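Novice: In case you want the letters, here they are:
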Amino acid sequence: MDSLRKHWFTWSVLGLGFTFLYLPILILMVYSFNESKLATVWSGFSFKWYVKLFNDQAMIDAAWLSIKIAFWTATGAVILGTMASLVMTRMHRFHGKTLFGALITAPLVMPDVILGLSMLLMFVSLGNMAGLEAKGVYSIWIAHVTFTLAFVTVVISSRMAELDKSLEEAAMDLGANRVKVFFQITLPIITPALVSGWLLAFTLSLDDVVIASFVSGPGSTTLPIKVFSSVRRGLNPEINAVATIMVMVVALGAVAAWWWMRHEERRKQRDMQLALQDNG
Amino acid sequence: MNTKFFKKLLPGSRWAVIGVPYLWMLVFFAIPFLIVLRISFSMRDQGRSPPYTPILQYIENALTMKLNLSNYLTLITDPLYLQAYGSSLWIAGVSTLLALLIGYPIAYVISKMPPSSRNIAMMLVILPSWTSFLIRVYAWVGILKNNGLLNNLLMKIGVIDEPLKILYTPTAAYIGIVYCYLPFMILPLYTNLIKHDNRLLEAAYDLGAKPWKAFLKITLPLSKAGIIAGCMLVMIPAVGEYVIPEMLGGPDTLMIGRQLVNDFTQATDWPRASAVAITMLLLLLVPILIFNRVQQNEIEGRLT
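Chains as they are written, first to last, in my numbering: chain A, 1 to 280; chain B, 1 to 304.
The shape of chain A in the complex, shown without the other chains (with noise of 0.2 Å):
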């Protein structure tokens, strides 16, 4: 009897909580293939919603250029965030390092309007000096690698700090540099932590809409930008469309994720199992 009763209650509880999660994006999606332009009434199946997506030559534009700026960030921000993640995990006290630790982790929890807008005063001012564009491609791409590199160290460093030392100091015993302990050792352990933090620095800079508005120039509209001009103004089922998209390629991606996770943890299982017969 309270068996029953607390499976009644977790079943309600997933289902509702799972119903609100996704209810909205499933309704988006089935309302990409809706002939009519009033996205909320039904009125037969139809892909013209796709086929006017995929001749909107600004829209593709500014997805490709979306995903080559997401795509430069989350490069950036690994390189970047694995230095810092070194830095807080391997290093000695040193002067300015309590600086170091807030300056890298501030933007975690910091309002998106007071970056945007303390980037482009930062490039207005430094571009007066220097003569340089303020908003452009590459502000963009400085204002994400400056955001999304917090994620990344947190990531990057959570995984540093609980990997065993006892082999980094192995192989320096045995003579190797740092350089190479690095390479040899650390890198392929963590790699697993790279990649989660690059995807995510790439989704990140990917939704960004607020912080490249402020940065963003003439020539430089970006995927989000161009999504939220044109749904301010109401309904419009080509972004349905273009939000089909982009959950069909996130639920791959999860997938796919999930499949090599499961994949690897098999074979580490797999490999301890075969070491430990050739112990015995």
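Calculated directly from the structure, the hints in this document are not laboratory data.
Every value quoted in this text rests on a predicted model; they were computed, and no experiment measured them.
A portion of the hints provided could be inaccurate.
Between beta-carbon pairs, the in silico distance windows are [as the list claims (entries may be wrong)]:
#, chain 1, residue 1, chain 2, residue 2, range
1, A, Lys97, B, Asn119, 33 to 41 Å
2, A, Lys48, B, Asn147, 20 to 28 Å
3, A, Lys97, B, Leu56, 30 to 38 Å
4, A, Gly44, B, Gln46, 38 to 46 Å
From chain A, some residues computed to sit far from chain B (all C-beta separations above 12 Å) [to be verified]:
#, residue
5, Lys6
6, Trp11
7, Tyr50
8, Pro188
Computed far set for chain B versus chain A, every beta-carbon distance over 12 Å [to be verified]:
#, residue
9, Asp78
10, Val109
11, Leu134
12, Glu162
13, Ile278
In this text, a Cβ means the ideal position worked out from N, Cα and C, and glycines have one as well.
Here the structure of chain A is known, so what remains is to put chain B in place on it, guided by the hints.
Specialist: Frame of chain A, contents of chain B only:
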């Protein structure tokens, strides 16, 4: 810390590893704040480019510094700004509370599941936040509209005769914030709840405690750190939220992040927008410090 770690390294590369990210954050994060602070003390001047007067000027062989406090004075005397700050805090606070009430049962139920299924359940909780934030806000426009899906459904089953006006009201902003930030509430709650020692609850049951009482006396107090972390993760970004009030809230939903963008783009008043940013930061400093404190305790607690 590891003593051997950088001994075998060329002295130069140690400083490169520290220096590159340090310099990046100084130039692109710390200095921008000082620039915002500086501009918040200047005055709007449409004739100039950029549109504000410099603080330091070299006039008649003398370096003069003019600090203009009027931007800050406006913020504390103009009812518009006081209202914007007040309603930002109110909207963010109420949304945080709603997210806690919805998120806690979900996190609790998932934490009690067997390990293999709870990992999948948590992945399903986080998955929506990997899709676009904008898209998730936009999804509610079609649902909450006057002739939208929710109103159509309610009218069809006869609960209401006339459509409810939800879209472009603060209610829609609450829904949007709770929906978008719910995973950030569930995640820290879940990480806290799975660490609980089940034997405590079993002992309470053995001693005759009702499940509800055991929850209030044991689980709830133990999850305090998770509750605080989750609430801060929702509250802090929600206070400065711009996209949700802009897309769902309508003109009546006054929020400070929105006001900042309006001051900056429509009024091109850069000094005013900077003062709004500095004040918002001061307002958020207390919750940010609480959050850091709790996180620090969690990390230290795990080490000992």
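Novice: For every hint, state whether the structure bears it out.
Specialist: Quick rundown of the hints versus the structure:
1. Under the hint 33 to 41 Å, the C-beta atoms of Lys97/A and Asn119/B, about 35 Å apart, fit the expected range.
2. Checked against the hint of 20 to 28 Å, the pair Lys48/A and Asn147/B passes, with Cβ atoms roughly 22 Å apart.
3. Here the CB-CB span from Lys97/A to Leu56/B is close to 33 Å, well matched to the stated 30 to 38 Å.
4. Between Gly44/A and Gln46/B, the C-beta spacing of about 53 Å breaks the proposed range 38 to 46 Å.
5. A Cβ of chain B approaches the Cβ of Lys6/A within 12 Å, the least distance being about 9 Å, so the stated non-interface status is violated.
6. Annotated as non-interface, Trp11/A brings its C-beta within 12 Å of a C-beta of chain B; the closest such distance is 9 Å.
7. The claim that Tyr50/A is not at the interface with chain B holds, since no C-beta of that chain comes within 12 Å of its own (minimum 16 Å).
8. Annotated as non-interface, Pro188/A keeps its C-beta farther than 12 Å from every C-beta of chain B; the closest such distance is 17 Å.
9. Asp78/B, annotated as away from the interface, keeps every beta carbon of chain A farther than 12 Å; the closest lies near 19 Å.
10. Not every CB of chain A is more than 12 Å from the CB of Val109/B (nearest about 5 Å), against its label as outside the interface.
11. Against chain A, the non-interface label of Leu134/B is violated: not every CB pair exceeds 12 Å, the least being about 6 Å.
12. In this structure Glu162/B is separated from chain A by more than 12 Å, as the shortest Cβ-Cβ distance comes to about 17 Å.
13. Separation of Ile278/B from chain A is inadequate, the least Cβ-Cβ distance of about 9 Å not exceeding the 12 Å criterion.
Going through the hint list in order, the structure does not satisfy hints 4, 5, 6, 10, 11 and 13.
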